[in-house]
Amino acid sequence: MTSTDTDSLQLSTFSRASRWLDLTTFGPKMDEPDKLINQSAKAWFDAQIALPQSSHRMQILRQFEALDKGKIPSRSSRIRAWLDIALYGNDQLRQRVGYVLSQIFVASDKDATLSKHAEALAAYNDLLCLNAFSHYKTLLKAVSTSSVMGHYLTMVDNKKGDETGRKPDENYAREIMQLFSVGLNERNLDGSYVLDADGVPKPCYSEKDIQELARVFTGWVSKDKKLVDPMTTNESFHDRGEKHILGHRFPANVAAEEEMDKVMEILSQHPSTPPNLCKNLIQKLVTSNPSPDYVKRVASVFVDNGKGVRGDMKAVFWAILSDNDAFSKLPPQISKAREPWLSLVYIYRALNAKPGGNSPLVGTDLVYLRTCNQYPLGSPSVFNFYQPDYAPQGVVSNQGLVAPEMEIIDWSHVIYVHNQIFALTRLNLQGPKTPNKKQLYVDVESLKNHLVNGDITGFIHEVSARFFNAQMPSDLKHHLTEQHNSVKQVAGKSVQRLLFIALSSPYFHVMENRA
Amino acid sequence: MTLSRRQFMTAMGATSTAALVPASFSAYASEAEDYRALVCVFLKGGNDFFHQVVPLNTEHHQDYANSRQKLAVPKARLLKTGMRDSQGIALGLHQSLKPLLPLFQQGKASLVLNVGPMIAPITPLDIESGKALLPPNLFAHNKQQEAWQHSWLGETYSKAGWLGMTADVLMDEMGGMPSSFFTGANSLLDGHSNRTMYVNKNGFQSLKGLTSPAMRHTYQAIAGASYTSPLAKSYANVVAEAITAQKQMAKVVSSYPLDNRIPKSNLGRQFRAIKQMMDAAPMFGHNRQVFYLAVGGYDTHDNQISRQDKLMKEFSEAVAGFYHALEEDGTADHVMTGTLSEFGRTLHDNSRKGTDHGWGGGQFIFGGGLRGKCIGEYPAFKRNGPDDNGDGRLIPKISHEQYAAYMVKWLGLSEQGVNTIFPRLSQFGGLV
Numbered sequence: 001m002t003s004t005d006t007d008s009l010q011l012s013t014f015s016r017a018s019r020w021l022d023l024t025t026f027g028p029k030m031d032e033p034d035k036l037i038n039q040s041a042k043a044w045f046d047a048q049i050a051l052p053q054s055s056h057r058m059q060i061l062r063q064f065e066a067l068d069k070g071k072i073p074s075r076s077s078r079i080r081a082w083l084d085i086a087l088y089g090n091d092q093l094r095q096r097v098g099y100v101l102s103q104i105f106v107a108s109d110k111d112a113t114l115s116k117h118a119e120a121l122a123a124y125n126d127l128l129c130l131n132a133f134s135h136y137k138t139l140l141k142a143v144s145t146s147s148v149m150g151h152y153l154t155m156v157d158n159k160k161g162d163e164t165g166r167k168p169d170e171n172y173a174r175e176i177m178q179l180f181s182v183g184l185n186e187r188n189l190d191g192s193y194v195l196d197a198d199g200v201p202k203p204c205y206s207e208k209d210i211q212e213l214a215r216v217f218t219g220w221v222s223k224d225k226k227l228v229d230p231m232t233t234n235e236s237f238h239d240r241g242e243k244h245i246l247g248h249r250f251p252a253n254v255a256a257e258e259e260m261d262k263v264m265e266i267l268s269q270h271p272s273t274p275p276n277l278c279k280n281l282i283q284k285l286v287t288s289n290p291s292p293d294y295v296k297r298v299a300s301v302f303v304d305n306g307k308g309v310r311g312d313m314k315a316v317f318w319a320i321l322s323d324n325d326a327f328s329k330l331p332p333q334i335s336k337a338r339e340p341w342l343s344l345v346y347i348y349r350a351l352n353a354k355p356g357g358n359s360p361l362v363g364t365d366l367v368y369l370r371t372c373n374q375y376p377l378g379s380p381s382v383f384n385f386y387q388p389d390y391a392p393q394g395v396v397s398n399q400g401l402v403a404p405e406m407e408i409i410d411w412s413h414v415i416y417v418h419n420q421i422f423a424l425t426r427l428n429l430q431g432p433k434t435p436n437k438k439q440l441y442v443d444v445e446s447l448k449n450h451l452v453n454g455d456i457t458g459f460i461h462e463v464s465a466r467f468f469n470a471q472m473p474s475d476l477k478h479h480l481t482e483q484h485n486s487v488k489q490v491a492g493k494s495v496q497r498l499l500f501i502a503l504s505s506p507y508f509h510v511m512e513n514r515a
Numbered sequence: 001m002t003l004s005r006r007q008f009m010t011a012m013g014a015t016s017t018a019a020l021v022p023a024s025f026s027a028y029a030s031e032a033e034d035y036r037a038l039v040c041v042f043l044k045g046g047n048d049f050f051h052q053v054v055p056l057n058t059e060h061h062q063d064y065a066n067s068r069q070k071l072a073v074p075k076a077r078l079l080k081t082g083m084r085d086s087q088g089i090a091l092g093l094h095q096s097l098k099p100l101l102p103l104f105q106q107g108k109a110s111l112v113l114n115v116g117p118m119i120a121p122i123t124p125l126d127i128e129s130g131k132a133l134l135p136p137n138l139f140a141h142n143k144q145q146e147a148w149q150h151s152w153l154g155e156t157y158s159k160a161g162w163l164g165m166t167a168d169v170l171m172d173e174m175g176g177m178p179s180s181f182f183t184g185a186n187s188l189l190d191g192h193s194n195r196t197m198y199v200n201k202n203g204f205q206s207l208k209g210l211t212s213p214a215m216r217h218t219y220q221a222i223a224g225a226s227y228t229s230p231l232a233k234s235y236a237n238v239v240a241e242a243i244t245a246q247k248q249m250a251k252v253v254s255s256y257p258l259d260n261r262i263p264k265s266n267l268g269r270q271f272r273a274i275k276q277m278m279d280a281a282p283m284f285g286h287n288r289q290v291f292y293l294a295v296g297g298y299d300t301h302d303n304q305i306s307r308q309d310k311l312m313k314e315f316s317e318a319v320a321g322f323y324h325a326l327e328e329d330g331t332a333d334h335v336m337t338g339t340l341s342e343f344g345r346t347l348h349d350n351s352r353k354g355t356d357h358g359w360g361g362g363q364f365i366f367g368g369g370l371r372g373k374c375i376g377e378y379p380a381f382k383r384n385g386p387d388d389n390g391d392g393r394l395i396p397k398i399s400h401e402q403y404a405a406y407m408v409k410w411l412g413l414s415e416q417g418v419n420t421i422f423p424r425l426s427q428f429g430g431l432v
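Protein chains in written order, with full-length UniProt numbering: chain A, 1 to 515; chain B, 1 to 432.
Be aware that a few hints might be false.
[Claimed, not checked] Between beta-carbon pairs, the in silico distance windows are:
#1 B:390 <-> A:104: 30 to 36 angstroms
#2 B:255 <-> A:221: 56 to 62 angstroms
#3 B:206 <-> A:196: 50 to 56 angstroms
#4 B:220 <-> A:489: 18 to 24 angstroms
#5 B:126 <-> A:134: 45 to 51 angstroms
#6 A:306 <-> B:206: 54 to 60 angstroms
#7 A:65 <-> B:220: 43 to 49 angstroms
#8 A:304 <-> B:66: 51 to 57 angstroms
#9 A:369 <-> B:131: 28 to 34 angstroms
#10 B:254 <-> A:31: 44 to 50 angstroms
#11 B:154 <-> A:72: 54 to 60 angstroms
#12 A:130 <-> B:35: 28 to 34 angstroms
#13 A:293 <-> B:250: 44 to 50 angstroms
[Stated by the list, open to error] Think about it this way: if two alpha-carbon atoms lie no more than 25 angstroms apart in a straight line, the pair counts; the simulated DSS-like pairs of lysine-lysine are:
#14 A:208 <-> B:131
#15 A:307 <-> A:329
#16 B:159 <-> A:202
#17 B:264 <-> A:116
#18 A:42 <-> A:262
Hint data in this document are derived by calculation from the structure and do not stem from the laboratory. Cβ coordinates follow ideal geometry from the N, Cα and C atoms, glycine included.
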């Protein structure tokens, strides 16, 4: 498919419009898909990017002033600020994509140093959103020189080796290649591995490459105690000797920043970067098991955006999200487990949740440390919450498929998440007279009306539209009808029960096209 | 491909008759019928074991200090373990591990020195000549974490984990509660027929949405339905597991409270969660249990001294608390706790007051009723010395498989069983 073809992607039906919003935002709100029907997806995409960017840093400071008791913004205030933006921010596409980038260019407040720098983590989130649609080189440099990354992967204050045999820290040199660019092994454009004569994958780099690259990443310091401003250079710490990296010669006496730029260029130009990065992005946005052709189509756009430019991330995201496969192919080709954290956010958005007492700020952090086995910028290590090749044993691994998100979806967290879903549907705006500012209240009035009128068909139709892109499987419709008919109905409680059945089902927790 | 238990036993060379008798009587298991449990604690990030166990005698401490410069632990901060390596070098324990000192003094702790992931024995000459057979992606965290959990079959690693395969042989599970438990994602416990169960360090919650029999029925029907989408089925399977687990766990939680003699740290809460399963072993009818725990933060590229101090504090308090609880319960000799970690760290320090990814490291074993001992040699802590791979990383002398084999043999595998799960063990000289 050429870029002209996808530019004209029309959201011709409700289902397609809703699916588009499911992929490009934190979840469609009521009536949003209707407004998009027959609109051009590209026009919406461009308009979204043109919107002013929400600021996590500004928002955490608002949260801090209003609700924190300590002297500096807490981790909880960062999560509440994140929810403010995810639930009510207009720049949904940028935020959704920024969230994906936070799971590739991982920095985490689980780190002992960063745990005390919630404001800096919020600023790092902003940095990812700001650069999400720029060029890969620009994004990678912004990440590499950020003080947060400098502390997380320990490049800050890294110095040239000395006569005692002390060497520069290799941490960032290793992980930027394994996780942020080329990957461990060489890939073809379609994401498959390049094999040697014995059928063994070929490593992209050697230990020598890492040691040499570690010498490049010396001489960067952070002057901002808050870790918000980017790092700057101090040439006296920089290793100015000659180096050889991935077959490229770095001549002697070159400044740290110039060498940094050269590395960004080399990693961007490396043939394994487009397939390695693009496959990962597709997995985090659309499907766990993209076809080689899908990967190739997107990676080709990374290689050349049609105007001879490499690494145009705006073009890459458009290629991923507008690909015809994403709207037409059935599982397992297009199928992805919803991240538990995002499933909660989806529900709050779909049910137009609001903080109690007309508070302008979200007052709950969703007990983020235990509910979902994940929370934004809280990965246990730079390897993210789950690995892109994780395959749960059984029905997924038997078919040679992967399901990365399933790595954090265990029986115990299913109970935590399902309990959260059950509890949140109980807290509706028609509930207590003095609503608690620390809670989010959902609006289920229109759903309740169907049941008051004894109209289970109307209820199902609306739930299908708001949570299933109007494609609720007949199986689930059947269960809801049976449930409705078999239990004595008390409208308020019934909404909660029926929604719980629908929103705890695999049909909601796995995103896919349904025939 | 998944193998049924019988296929697995057949693959291991058992006759079809042998495959029908309980595994504990087969050729692959020893016949002990007492309770035994193996707890594997994965220290993620690559633990700097040689920051924790350091030579006490002047000559070797000097070599170590010369390599490690400012990071070197001074002799004054070392506690006497009374242990010597196979060369007679007296070994000290970092004072931040003090809660574990009594275990060393009482002979309840063992050390395994310079152990690492290997697929063939390696000499410095092999490395120099480029002929060494090295594990793929030797210094990458995720790949070496995987390597540690599997055995090398000659061209690839085993698909199942070595502890899962052990469980296949030792556990006679006809339903009921699984006897393999974990607190975090792993492949160590993946076997062919064994079943595994997640335990949550944050505690058990029961499903609150099942307010009526009709709700329960529908929820259960959706979990048990067939799905054309494999991922949807996979999610449904986890929900089905939640339904079963909540019944099982409700019973456990009401009969066996969390053991509050164990500290409440991250690792401590993991120990509490598995201790509950140990306490419930008689109720489950388990006479063998295996456990996987994991704790991160060991990738000490910077500020290693303060980072390691915190890590050692949490580790030693949690392990000691767990051990003492078992001791009071009279089961300490029936439970072995061993560490795993993807690699050790460099001989030299780096310019961030930390260390980089190494290769050979060391591991701890506690309890199990064995007389504590030191296995292996303290490596020559010299840059460009005989144990240096040329880049300041130690060439292991003991394969991770030898270490693993030592533990699963204790758990009850026969030598034949061990050699089947670790088919290349003999090239390293067999069991340590």
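These are the hints, each one checked on the structure:
1. B:390 <-> A:104: 30 to 36 angstroms: 33 angstroms, holds
2. B:255 <-> A:221: 56 to 62 angstroms: 58 angstroms, holds
3. B:206 <-> A:196: 50 to 56 angstroms: Holds, since residue 206 (chain B) and residue 196 (chain A) (Cβ atoms, about 53 angstroms apart) stay within the stated range.
4. B:220 <-> A:489: 18 to 24 angstroms: 21 angstroms, holds
5. B:126 <-> A:134: 45 to 51 angstroms: 47 angstroms, holds
6. A:306 <-> B:206: 54 to 60 angstroms: Holds, at about 55 angstroms.
7. A:65 <-> B:220: 43 to 49 angstroms: 48 angstroms, holds
8. A:304 <-> B:66: 51 to 57 angstroms: Cβ of residue 304 (chain A) to Cβ of residue 66 (chain B): about 54 angstroms, so the range 51 to 57 angstroms holds.
9. A:369 <-> B:131: 28 to 34 angstroms: With Cβ atoms ~50 angstroms apart, the hint is violated.
10. B:254 <-> A:31: 44 to 50 angstroms: 48 angstroms, holds
11. B:154 <-> A:72: 54 to 60 angstroms: 55 angstroms, holds
12. A:130 <-> B:35: 28 to 34 angstroms: Hint violated: Cβ distance 58 angstroms, outside 28 to 34 angstroms.
13. A:293 <-> B:250: 44 to 50 angstroms: The hint (44 to 50 angstroms, Cβ to Cβ) holds, given that residue 293 (chain A) and residue 250 (chain B) are roughly 49 angstroms apart.
14. A:208 <-> B:131: 17 angstroms, holds
15. A:307 <-> A:329: 29 angstroms, violated
16. B:159 <-> A:202: The hint holds at about 21 angstroms.
17. B:264 <-> A:116: Status holds; Cα separation ~21 angstroms.
18. A:42 <-> A:262: Between residue 42 (chain A) and residue 262 (chain A) the Cα gap is close to 34 angstroms, so the pair fails against 25 angstroms, i.e. violated.
Checked against the numbered hints given earlier, this structure breaks hints 9, 12, 15, 18; the rest are met.
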